Each structure stands twice: as structure tokens, then as C-alpha cells.
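Number of protein chains: 2
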Amino acid sequence: MKEKIVVIGAVAAGPRAACRVKRLNPEAEVIMIDKDDLISYGGCGIPYYVSGDIPDEKELRLTAFKMLRDEKFFENAKGVHTLTKTLATKIDRDKKLVHVKYLDTGKEETLPYDKLVLATGASPFLLPLPGKDLDGVFAVSNLHSAIEIKNRLSRGEVGKVVIIGAGAIGLEMAEAFRDLWGVEVTVLEYFSQPLPRLLDPPMARIVAQHLKEKGVKLVVNARTKEIEGKDGKVVAVITEDGRYECDLVIMATGVRPNSQLARDAGLAVSPLTGGIIVNERLQTSDPDIYAGGDCVEITHLISGKKMVLPSGALANRHGRIIGTNLAGGTETFRGAVGAFVMKCFDLAIASCGLSYEVAKWENFKAFYALHNQTERAHYYPGAGLIFVEIVADERDRRVLGFQAVGPMTDGAMARINAIAKLLEFKPRLEDTAYMELAYAPPFNSALDPINVVSMVANNMADGLFKPIELDEIFKRLKENYPNTVFVDVRSEREAAPFIEKYPGRWICIPYNQVRHNVDKIPKDKEVILICNSSMRAYEAARVLYAAGYEKVYVPLGGMNFARRWGWIT
Amino acid sequence: MKEKIVVIGAVAAGPRAACRVKRLNPEAEVIMIDKDDLISYGGCGIPYYVSGDIPDEKELRLTAFKMLRDEKFFENAKGVHTLTKTLATKIDRDKKLVHVKYLDTGKEETLPYDKLVLATGASPFLLPLPGKDLDGVFAVSNLHSAIEIKNRLSRGEVGKVVIIGAGAIGLEMAEAFRDLWGVEVTVLEYFSQPLPRLLDPPMARIVAQHLKEKGVKLVVNARTKEIEGKDGKVVAVITEDGRYECDLVIMATGVRPNSQLARDAGLAVSPLTGGIIVNERLQTSDPDIYAGGDCVEITHLISGKKMVLPSGALANRHGRIIGTNLAGGTETFRGAVGAFVMKCFDLAIASCGLSYEVAKWENFKAFYALHNQTERAHYYPGAGLIFVEIVADERDRRVLGFQAVGPMTDGAMARINAIAKLLEFKPRLEDTAYMELAYAPPFNSALDPINVVSMVANNMADGLFKPIELDEIFKRLKENYPNTVFVDVRSEREAAPFIEKYPGRWICIPYNQVRHNVDKIPKDKEVILICNSSMRAYEAARVLYAAGYEKVYVPLGGMNFARRWGWIT
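The listed protein sequences correspond, in order, to chains A and B. Going by the working numbering, the letters in the first sequence line up with residues 1459 to 2027, in that order. Going by the working numbering, the letters in the second sequence line up with residues 1459 to 2027, in that order.
Hints are supplied without guarantee of correctness; some may be wrong.
Since copy identity is lost for identical chains, a pair holds within one copy or between any two.
Result set (DMTMM-like, lysine to aspartate or glutamate): computed pairs, CA atoms no more than 25 Å apart in a straight line [as the list claims (entries may be wrong)]:
id, residue 1, residue 2
1, K1554, D1744
2, K1764, E1888
3, K1764, D1889
4, K1670, E1485
5, K1983, E1950
6, K2009, E1984
7, K1530, E1882
8, K1884, E1738
9, K1884, D1854
10, K1884, E1789
11, K1524, E1958
12, K1460, D1920
13, K1978, E1487
14, K1981, E1485
15, K1590, E1852
16, K2009, E1738
17, K1530, D1977
18, K2009, D1929
19, K1559, E1950
20, K1516, D1495
21, K2009, D1550
22, K1460, E2008
23, K1530, E1738
24, K1924, E1485
25, K1618, E1684
26, K1981, E1615
27, K1983, D1699
Derived by calculation from the structure, the hints in this document are not laboratory data. For clarity, every value in this text was computed on a predicted model and none was experimentally measured.
The shape of chain A in the complex, shown without the other chains:
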């Protein structure tokens, strides 16, 4: 089929679609255009380029076999005619023409198409703050700004940075500035925690504390008012509560789909998400026009709601599906659960599905369980702790989401990837509790954290223990809450500092002595059992319930969480 195919956008979905259709249908005439001159680069690698881990920006533009992905590459290697600095100004659907403007010459032209692909991506959403156009205010949206930021770093012009937004990109940039360059970094976050929506508070607090330990100043609940400048250059960011001096500002406040071209062409665009509306074959409301990547709206497979999900991985999948379908295939894309992973200094952070907070908001009868254990067999040398959370619906025990924060290994990703695709099949806690996972001591424990946290959640749902949040525990400790006794079932050594700090209220009965010392625990008080992962606490609770105690509580997660939040040492 000698079809004319025009692809608008040459970063991820676009090239993937263009090259795939060209391979399947070599006779197709494929033209790919992009308004930029830098195309097909690994945008997700920008923080590692800024940090210096990746010395040259060209690395982000090379193939794995070290060929530069420029216009000539697509022309020669892929047979895709590629025009850069070429802006698509209008789509004439009746005549099937794309109007383009060559940005270098200003010349305008029309490109005829049989099939059209919109891979226009997303643009950073810039807060409409006074001062947002000052010199030194950047979004990490493309390689040009990354190069400029790194040039300024190299020239020693950056001593203090304010990053607005503690999402993934904000935190990756915080590390980039801090780790190698030693820049003073302040991150301002509108919500009360880093990585809102991705992590629930118990997990996010671990990240917040880690940032603190790494010398990043995180300010939550920050209401940014203004960017202050002097002589046209940024000098500070002003919030309702403070003023943060800086010589560089990064706006990492999310992105918006580039859907104006589609909207102008009369294609259906979602008023809610701003994304181009596509069917499962990734066709827009005009069946000859496909769209994919950051510019389209997709379905969240758990909530059933529509969303936009900017992601290089998703864009690549979309691109290939579009390429297949352009060549007469029938591949479909149903949606996503938001599988997420990131590096944050020495932490690996990952999540998928719905967080507890989002799940409640989406009207699920959500509850959550926490757990921590060593990432490898506990006797295997050098095993760090991995912290996990599972979110489920109390009505049918369907698993809704999963979160993991652990050492900077592939362990957190391993857990998320084991769950993400599975979520589409509506697993219940019993499925994940007994889920088959590969086991050897250098990699995990006989019962993986996925198994254990699911068992904990199931035990909760079965009413086998009464959970209590650590927040409530520390509130009671602080307020000298009268009617509560804290029974530490760890070793006497571990309990000692607490007994000293909370005399009369904190007692120690080591785990293996509880059964024979029940009478030491007052029956007229609320009993909160304490250990590091709440495994021993749970077992002790079962003993106490059997002995007729009722108001016995097991902390969600255990003291290791409080330790990693910086609440105790």
C-alpha cells in the first residue's frame, strides 16, 4: 500500500509509529515533522544529564549502538522522511492536508496525508505567577532548557535553586542539583507531602526524611505567590509563608497535553483532561487520524476514569500500536494502572494502581496495610529494609494499589512490576498473599513483602487485629493520653529508651514472654503493642485477645516506619 502517512511529533510515540509502519509496510511514504531541531531523545534522562551522570547531552540522542538519532538517521536507517523545525499549524481534514511552517525560513507548505498521527506530546504547565518569565526560570520540558541549566551549573552560576513541585521530576531534579553539584536546593510543594497521589503519607514521609538527610529543604503546603527578580533575573521565590532566595527556579508543576492542533481541527478533545480522545485502536474522532503518547486521554484501569499519563514508556507502546494499526493491524490499548518507579538519592520509589487517598476519593471502600522487612533474606549480608503498602477494597478485598520504597536496587520496581499488570485481572488479597514469586536468599525472603503485606491486609479484613496508625500513637504519647499502655514486645535493650522517656506508660514484655506474662498487662487500659514491623505485635495481640483483652491495638507498619520518618532514632 503506497499510503502517505504524516506523523506530527518526533520524540517518542511519533518515531515509534513512523518506524513501525515503515517496517510493516515498506511502500508507505512516511513523513515525520517536529517543531524542534532536537528529536527522538531520551527525555526521561534529563535529570541524569543535568546531574553529570551522563556527561554529554548527545548521549540522550544516541541509539544503544551509538548512532545519533537526527533527521538523517530517520531518513537513511528508517526510511522516514524527517523535517525538523517544522511546525504543524493546521490540519485540513476535508482535503487531508497538514499545513506546516518551516521555522528557519518562515516558508509555509501543505503536506498531503492518507493517515495522520498526532504525537504532539505535552508541555509543562507553568504556574501563572508574577515573575514566571524572568531569566533563570525553567521547566524541565526539553533538552534545550536542560543544556542551558547545565551550562549555568558548569559556569558556577547556580548556588541556590528553588524547585516548585515535589513530584517525580521535581525530586529527580533536586537530586541532580544536590548530589554532584552541591547546590542548595529548596523544593516547594503545594500539597502536604512529596509525590502526592503516587504515595500515601506513610510512604511519602520516608521520602521527605530522606530528602532532609540529603540536605534538600522540602517545604510542604507551600503556596507560591511570586517569583522575585532583579535586573530581569530571578533572585527569590515568595510563598505565603516565606521567601526563598535562589538564582534558578525549576517549575516542575506537571504538564498539559498539546491538543490545540487537534481541537482546532475539530477532533474530539476532552474538556476534563485536555487530552485528545482516542478509541482503543488509538484513533481520534477522525478514523484517519491516530494519536498517542502524552497528548491523549487514556483510561485508568482501576478507577475507570479518564486521565492523561505523561510517560515515555506509554508513548513508546502507543507509538508501536499506532504503527501496527496504520499498516492494517488491529492492536488495541485498553488503559493503564500507572506503574511508576523513580530513583531519589539512595531510595528506589515505586507505585501502581490507586493510593489509599485516591481510592477513597474514587469511592472505593478502601483500606490499606503497611509492612517492612529486609529486601533480601534477613540473614543475607547487607540487606536493607523495604517498606510496602497495599491498598484494597474492604467489600471484595480487591487489590487496588501497591507502593514500595526501598534501597536503591531494582527491588521496589520488582514488586511493582509483579503487581501492575496483574491489577487488570482484579486480583484479591488472597491472590497476592499466596502469589508465586521467585525466591533465593540473595534476592528476597521465602515470603516476599508482597505476600506478607497482603496477609497483613487479609488479617485486618478478617478482624484478627485492631489496627492503629502511628500518628495516633505518637499523638497519645505526646498528649500523655491517660488510658493507654504501650507494651513493647521487642528486646529490653530496644525498649529501654522508651521506658525511660514514657515512665509508667511504656512497658517491655519481650515477644517470647508475652504468653506467660499476660497478667502484667492491665486489662482496664487500651493496649498498644509495639515492635519494628508489627509482626510480633500482631502475634502478641492474638494472645491477648484470647485472654479476653479487647482494646488491643497493633500499629500499622511498626516502629521502623517511625524511625525512617525521623520521629525516633
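With chain A fixed as given, assemble chain B onto it according to the hints.
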């Protein structure tokens, strides 16, 4: 319910069942017996204890919170009455009595039960060789032999070891002897590769070459005839082809379920696998007797066949299900797909489901695809290569199995765990090709190896390229096969040594020049396209097919496989 529950076996499934039922039903009277004095230890950790990574064998017997799991521990912490050195000699099902013999005193007794649990585990299968009872011949079956082996190592009595069997335990022990102790290690394997059934030859060869590089002598197709002794001590192992001197022999030739007690009691035991037959609730043919762990037969969820699968992880899951059901629950175990991971020196090796060879043997119309790529984004510093294989059925493209060999990170496990549970839902290649996986450059590429190898397999099934095995390529090269031309689409630098070695037969047309140099490729010959991962070769093949070439072949896996097999440098 004040039920009497007796549990036979106190290593993994047994304690897990005993403690779970005691938590759910604190009134139950639970007695756990074991013929050994060392119980509830991390048996999978033995190689790391022998290697010295774990200094003291006690570490394997401690809980995560450093409490020794001995009789007292189970008594006090768990409320489980525990008798060690207590052999179950007979089950009287009519009277519901277990006959036991106390091995220290020789005294015999009967223990009444309402419900009985068989967690008798498995015993090493010792080849019936002459000399198998010589001093110095060990199986890695329990902590006692591990302690004795390590004592001999510490005393400098072990200079040369022969390990019979290149399965997981054999290879873990090879590393244990070799890595720290510097012992000369020979591994004798009956089959033609290490890790038979777990890995197919293309993956196993990477392991074989790695062992070689680490100084382990692997002898495949080894027919062991005799163990030679002198003064009652082992001095060599004799095969049909050779004699291997040694002062220690490890028999790592698999295990057999301990089902004799069950068989004697008239319970159904599989004549095929030797495992105790259980239903999905893990009840034996006597509904008051449960069994789980290494002693039972389970269902392979892909092949539908029965098997025994010795695994600490499985035993723990079984134990908990039994514990739940003993307390009146209804949990079920459907089977397993054999999720597997191991460390082998600097490699992480993982697999699940059926290998290509097993799948064919099980009458699937199996085919396989190979792929390799950097484990992290290719531009991310220090990314090693991960090698993967996917096995599918050509009739419905159902995914049957997955294998991964990569650097010693959690990356291989991450891929296996993403696939293993999913296999139960009968995914097709399209599902894994577009499978949602978390992505960030420090962890993987936008398209994960799982995605890419599935796409390769789908392309194969779609007839988009003609595959050829590397074996056939090297055969043709060696035999000076007349009618074949090798077109290297890598750089001229990479192609140069091959052009020199195979003049006239090996030519170089770099990937991005193929499209314009098709005429340089002879049309009357079979064309084999060469690159490192067969990605470029595939694209070049599409160009040639479009130009009317038919006999154009793309190697399965690419030259990186041959390099890691030690076939090229």
C-alpha cells in the same frame, strides 16, 4: 475449638502451619515434632553459610529480630509444643494416633490427634554409585552436613571438590567453594548444559561460560560411574570419560519427597512423582490429615501435569494455607509455574513456566524468541546486558515461559516476577508486548526487555522475519558453507575482524546505509544479517524482503549471545 493438632516436620511448612493455626485458634493444642535437633532454619541459605558470607550457622536459625528458633522459642513465643529428635514411626488413622520414637532415649509413645499435618519435606536423592558412603561424600540436605563441610573447609582439608549435578544447588555450592575459599571445583552434569529444564541452551550457555570464567570446571554429558576411595575416604569421582580427583564430593542430584510415612498409613501417594497426593485445600486422601511443602505433589499450572517442586517459598505458602484451613478456613492452592531465581557468581538467573525444550516435550507447539539489551536505559552509566527468552505456543501465541540472565542485580527477578503470576491468566504475546511496566532510566528502558522480546516473538509469528539460530550460523561459518553471505549491519569497526576471518563471505553495510546499498547484497545467496541484538538485523531484513529478497535470515538473539557464550570475543 480445643482441637489436638500434630505437625510432623519443623523446618518450613510445619512451623508455618503450626503457628498460623495457633494464632487463629489459640485454644488448639498444637504439637510439632521433628526427627532432627536443628529445626526451622533457612535451608536455602546453606550455600551462603558454606561460602562464609554468613559467618555462623546460627544466623540461619534466627528470626529477623535475632531470636533463636529452637524448641523453647516455639513453646514460648508461639505456644506450639515442640519435640525435636522425635521420629514419627507410624500413623494409626483409625485411632488417630501418631507413633513416635524419642531418638535420644529410644522411648516410644503415641500422640493423639484430631488433625494431623505432614510436613516431612524431601531427602536428597543419592546416586546409587559405588563409593557413595565414603567419608567426604555429602548431600547439601541439612544444616548438619553444611556445618561439617564448613568445618573441613576451615581446617584446610578441602583442596578439590567434585559436585555432581549442575542444578541450582550444585551451582550455588560451586560458588560457595570457589569464590572465597578458592577451592578447585569440578561440576559434573549428566545433561548437556547447566540448569537443565530451567534454562534453554542459549541461556544456559551464558551460565556455562560464566562458570568457566570464574574458574569452575563444568563437565557436561558426564556419566558418573563410581566414587573412588582410599582408607575409607573419597579421593576421586570416576565418569565414563574421566577421573576427577577430589577430597570432597557434593551430590546435588535432586531430592525425593519423604512420603513413606504417608504411604505406610494408606494415604494416596503418587506413583509417578512420589509426592503425597493432596486436594486444593492441601488435604490428603484422609481429610483429617493435611500435607504441604516438599513432600506433596502439586499441579504445574502451564502443563497441567503433576510434579514435586522443592521450594522454601512454596513450603511457607503451603504451611500458612494449612494453618488457615486447620482453623476452619477454606484457602486453596491451585499449583505453581515454577518461579525461579538464583545467584551464580556475578549473574542473576531466573525463569518461570516452561522452557522451550520442556514445552515441546509437553506437546505444546512451542517456539521461542531471544533478546538482549542493557538492563537500564542504555545511556545510564554502568548498565550491564540482560539476556531474555520468551517461550510461546504458535497456535494461540500463549506465553508459556520466560527466562532471564543478567548482572547480579534484582533485574532478572523483576522480569520473572512480572510474568510468573500472570502466566496463570494465560497471557498472549500481545499482552506481554504491551505490558505496563514501571519505567525510569536508572531501572530499565522505555520498552522493557519483557516488552521487546514479546514483540520479537510476535514478529516471528507474524512471519515478519525468518529466524536462524546462532548454532547454524557458526556451523555455516566453520564449514565454509557455500551459498551464504553474512551481512554485518554494525559499524565497520565491529565488522572488521569478521571480514578478515571470513573474506568474501562476510561483508559490512552499516545499518543506516542498507536502504541505499541493497544492490551490494547478492540476490542469489542466502543472506544472514548480523548485529548484536538482532534489532538492526531485523530492520535490514524488512528492507531486503521489500526489495524482493527472500532467503534473508535474522539470528535469534544476536551476536551478544555468541560473545557471552565465549564463541567470539
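Quick rundown of the hints versus the structure:
Taking the shortest Cα distances, K1554 and D1744 sit within 25 Å of each other inside one copy (11 Å), while across copies they are farther apart (74 Å). Taking identical chains as interchangeable, the C-alpha atoms of K1764 and E1888 lie at most 25 Å apart only when they sit on different chains, with a minimum of 23 Å there against 29 Å within one chain. Taking the closest pair of Cα atoms, K1764 and D1889 come within 25 Å of each other only across two copies (21 Å); inside a single copy the shortest separation is 27 Å, beyond that limit. Taking the shortest Cα distances, K1670 and E1485 never come within 25 Å of each other, neither inside one copy (57 Å) nor across copies (49 Å).
With identical chains, the CA atoms of K1983 and E1950 are at most 25 Å apart within one copy only, with a shortest distance of 22 Å there and 80 Å across copies. With identical chains, the CA atoms of K2009 and E1984 are at most 25 Å apart within one copy only, with a shortest distance of 5 Å there and 79 Å across copies. With identical chains, the CA atoms of K1530 and E1882 are never at most 25 Å apart, being 41 Å at best within one copy and 46 Å at best between copies. Taking CA atoms no more than 25 Å apart as the test, K1884 paired with E1738 passes in both settings, with 20 Å inside one copy and 21 Å between copies.
For the identical chains of this complex, K1884 and D1854 are neighbours both inside a copy (10 Å) and across copies (23 Å), given an alpha-carbon limit of 25 Å. When the C-alpha separation of K1884 and E1789 is checked against a cutoff of 25 Å, the pair qualifies both within a copy, at 22 Å, and between copies, at 18 Å. Proximity of K1524 to E1958 under the C-alpha cut-off of 25 Å is restricted to the inter-copy arrangement: shortest distance 23 Å between copies versus 62 Å within a copy. With identical chains, the CA atoms of K1460 and D1920 are at most 25 Å apart between copies only, with a shortest distance of 21 Å across copies and 63 Å within one.
For a Cα distance limit of 25 Å, the shortest separation of K1978 from E1487 across copies, 24 Å, qualifies, whereas the shortest one inside one copy, 83 Å, does not. For the homomeric pair K1981 and E1485, the shortest alpha-carbon distance between copies (20 Å) is at most 25 Å, but the shortest distance inside one copy (82 Å) is not. For the homomeric pair K1590 and E1852, neither the shortest alpha-carbon distance inside one copy (46 Å) nor that between copies (57 Å) is at most 25 Å. Proximity of K2009 to E1738 under the C-alpha cut-off of 25 Å is found in neither arrangement, the shortest distances being 52 Å within a copy and 37 Å between copies.
In this assembly of identical chains, K1530 and D1977 lie within 25 Å of each other by CA distance solely across copies; the values are 21 Å between and 81 Å within a copy. Taking the shortest Cα distances, K2009 and D1929 sit within 25 Å of each other inside one copy (18 Å), while across copies they are farther apart (69 Å). With identical chains, the CA atoms of K1559 and E1950 are never at most 25 Å apart, being 75 Å at best within one copy and 39 Å at best between copies. Proximity of K1516 to D1495 under the C-alpha cut-off of 25 Å is restricted to the intra-copy arrangement: shortest distance 13 Å within a copy versus 63 Å between copies.
Proximity of K2009 to D1550 under the C-alpha cut-off of 25 Å is found in neither arrangement, the shortest distances being 70 Å within a copy and 44 Å between copies. Taking the shortest Cα distances, K1460 and E2008 sit within 25 Å of each other only across copies (21 Å), while inside one copy they are farther apart (76 Å). Neither within a single protomer nor between protomers do K1530 and E1738 lie at most 25 Å apart by alpha-carbon distance, with minima of 33 Å and 61 Å respectively. In this homomeric assembly, K1924 and E1485 come within 25 Å of each other (Cα to Cα) only across copies, at 20 Å, whereas the closest approach inside a single copy is 67 Å.
Taking CA atoms no more than 25 Å apart as the test, K1618 paired with E1684 passes inside one copy only; the shortest distance there is 17 Å, against 74 Å between copies. Taking the shortest Cα distances, K1981 and E1615 never come within 25 Å of each other, neither inside one copy (65 Å) nor across copies (61 Å). In this assembly of identical chains, K1983 and D1699 lie within 25 Å of each other by CA distance neither inside one copy nor across copies; the values are 42 Å within and 76 Å between.
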